[in-house]
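Single-letter residue listing:
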Amino acid sequence: MLIQTEAGRKVLPNLWLMIASAMLLCICPLVMAQKAPLDAPDSGAVTLIDDRGIAVKLNQKPLRIVTLLPSLGEIVCELQACDRLVGVDRYSNWPDRVKSLPKLGGLDDTHLEALVKLKPDLVLLARSSRITQRLESLGIAVMALEPQNQVDVQRAILYIALALHLPDAQSRSELLWQKIQTRLDQVADKIPPSARGARVYFEVGSGYFAAGEASFIGETLKRIGLINVVPLRMGAFPQVNPEFLVRSNPQIIFIGEQSVTDLSRRPGWDQMQAIQENKICRISAENSDILVRSGPRMAEAAQLMLACLQRVYH
Amino acid sequence: MGSRFNPDPSPLGRWLMLLAIAIFMLGLTLGSEGWAFLSFVEDRQLVIDIRLPRTVGAFLAGALLGLAGALAQGLFRNPLADPYLLGSASGAGLGVAIGLIFLTGTSLAPWVMRVGVTGMAFLGAWGAVLVTLILAWGVQHTLRLLLAGVVVGVVLGACASLLVLLYPKVQGSAQAFMLGSTSFVGWHGCILMAGTLVLCGAVAWLTSPVLDGLALGESTAQSLGLPVTSVRLVLVAIMALCTAAAVAQTGLIAFVGLAAPHLVRSQVKAVHARTLFLSCGMGAVLLGGADLMARALIAPLELPVGVLTSILGGGYMLVLMRRLSKGGRSL
Amino acid sequence: MSSASQQFALEAQQLSICLAGQEVVHGVSLTLPKGQWVSLVGPNGAGKSTLLKALAGLIEFEGRVVLLGQPWSDWTRRARAQRMAWLGQAEPGQDDLTVYDVAMLGRLPHQAWLASPSPKDRQVVEVALRTVQAWDWRSRSLGQLSGGERQRVLLARALAVQADVLLMDEPLAGVDLPHQADWLEWVRCLTVQGTSVVSVLHELNLALQADRLWVMSQGLLVHDGLPHEADTHNALSQVFENRLHWQQMAGQDLKNRWIVTLR
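Residue numbers (the numbering used here), protein chains in the order written: chain A, 36 to 349; chain B, 380 to 710; chain C, 81 to 343.
Same shape as in the complex, but just chain A (with noise of 0.2 Å):
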């Protein structure tokens, strides 16, 4: 590929040249990037792989905690190391005891300055999230856990509990595990026997974002014996196709609060059995918070989900 310049003239190849240098240029950054903390065997400390795939090391037990993702949070809170938080992000809301803890912003602004002030020995955060190169390159400790479903929060429960150093942390872990699955189960069998097998439309964001089977908020709703309209195979947030939906005629719908007024003007929506036998659970937004998060509180989200259902079986 030549270029023409001039009348009788050609020119080296100069856009090869060109990609060439790009191609160089393109290492740069691999080369400069930051490298990964080694994980060498000390006793006394703890290495784990984050859900970055990256070895944390910590040598001493964490004592000032920062959390920028809620459900992080309320599981150091039910882990009982509570007191161990010194700020969290502007969402976290459980327990009581968090609210009047420092707030740091959100994961995309997170106000670095004030979070490094509080001179934390441990960060947990959200997998995606642009703070978490610049806290390691401040040299701050960084894990990142983002659970997703059931088992992500039992290992996030684990992890979090050998971070923190806790003695005897696999039981302890275990043992909280244990706490919550009793609670669900006895959600579970106090479902109405009518409610059982119904199917179950769960509404996360207008636009027709839907809960599917593979997310958190449709692993309790199997497990307390409902059975979700959009199943695994569409994945665990999807936008359903509002024709699939009216199809597959849901007996009950969750809804946030703000989107339940029109919902018998959807188009085709009327003919629903759920509009037409009026079983709809309206989450108010406080309550919003603990369906949606996956975290430790999966028990009381069920708890919710159980008294909407008693309440329209009756």
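Check each hint, because a few of them may be wrong.
Chain C is faced by these chain B residues, among others (derived, beta-carbon under 8 Å) [claimed, not checked]: (1) V510; (2) K548; (3) A594; (4) G604; (5) K648; (6) V650; (7) A652; (8) A678; (9) L682.
None of these hints come from the bench; they were simulated from the model.
Owing to the predicted nature of the structure, the values given are computational and were not obtained by experimental measurement.
Every residue gets a Cβ at the ideal spot worked out from N, C-alpha and C, and that includes glycine.
Use these hints to put chains B and C onto chain A, whose structure you have.
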């Protein structure tokens, strides 16, 4: 340093220097709790680790954007050209979306981790311009190049939107990136930007006579014996590199690349060898000042600096429009 | 090198130009004598600008061209830029440069890369600007000028190159009548100094005052001759679809004898 043709240097350079120093000092005293003049002494580590790289990073990113903008306006002979013309903004957005998605656990995660979202943004911006160049099959025809840039921008932007729709989890982060912020800039980023600025600045300065010749038209520049085509290719590459480096570190910052060379040209009528550096300085001061305002206006909360530059830039455009309608002949 | 080619500033043989896959100039052969002014005339779309651009080396061509006695391929781009200047139809460009800077750009082929202007450069630019009577407003920016003033500044830029061959494409666009007359003077001066000038002109009456006339139509060089000859008049009438009306003026000078009007 006097200009090539005008023997007396303008005071603009000196003004920019003074402003830069003022912004720098203020930037160091603006902390997470608002203005804290004495915190200088107490939180020295904080200042060095966080505030200093942010302020320096804002200057460097602004300088890169100013340089890229000056190159864009010189290459395309259009006073409204900006560095994102050839699709680099959409490319960066797509790179960030892909990076954030892959970060959330796939087999490629370790590789992406190494490169980081920053690296993905850089590769995306740079890759988009490469695709534009290939689509336009070189820089021979300006119109074709610009059209290819539009196509690439639109298509990559759509791809990024689609990805974000399919993986709504990354929406917040992707959007935060698009709005621009200096809070993620560390010393590592500053070094990368400084290196890019020095390299690109040197190349741009060395090829500045071609930019001057281009002001009279491509054919005239060729008739003056200037190696127009090859230099244009190099300058497009340099422009893409500057833009990619700045966007990777600070996200998409609007208007700095457009306004900086504009403001310089309205004050100084000189050749590119001189105005290129002034554009860097102006861009640095613009972004440094905007960053300061973004941190100060609602302290301790922060505004995304890209939003602020958009508002300021929009205001500047309004002023220009009024000046035009009042009878000035040129932009 | 034959003595014949030494008297020609520019020689072309079988020059063909293809644009977008179509041949727009077909096998043109011409010679430009040294120190002469030739006008290239013809109707719109004849290929005049294209031919001029090819001679300036701005587009590809097929055929043989000899510039100042040297074959085309022997010229480096820089050397050619020093000896041949091209003034095209005004392209939209950035209007921020001052008049002085624009004229100084004409010295680029003679300056070392990134060098500051030498005293000689300054002198040449001053002469060029004074010639086109733009010296007094040399610090105004290009955008502040009217069309005619701008054209004169661009001409100064071409003059500053001090080339042996000057190719001009419609140099009088927007220039008022007094300055058109001045332009004639400037071209005369140039030819006296030994510069060879080719100009594409739509102003036929001015073109008739050249030393030679090249008449083009539909990509072919239809006629190459002296402006006052009958053959030339016939060729011109033919390419302009016989809409020209020739009038002879009683006059002292041979050249000013004919003017042309539309029927």
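- Message: Are any of the numbered hints broken by this structure? If so, which, sorted upward?
- Response: As far as the earlier hints go, 1, 2, 8, 9 are violated by this structure, in ascending order.
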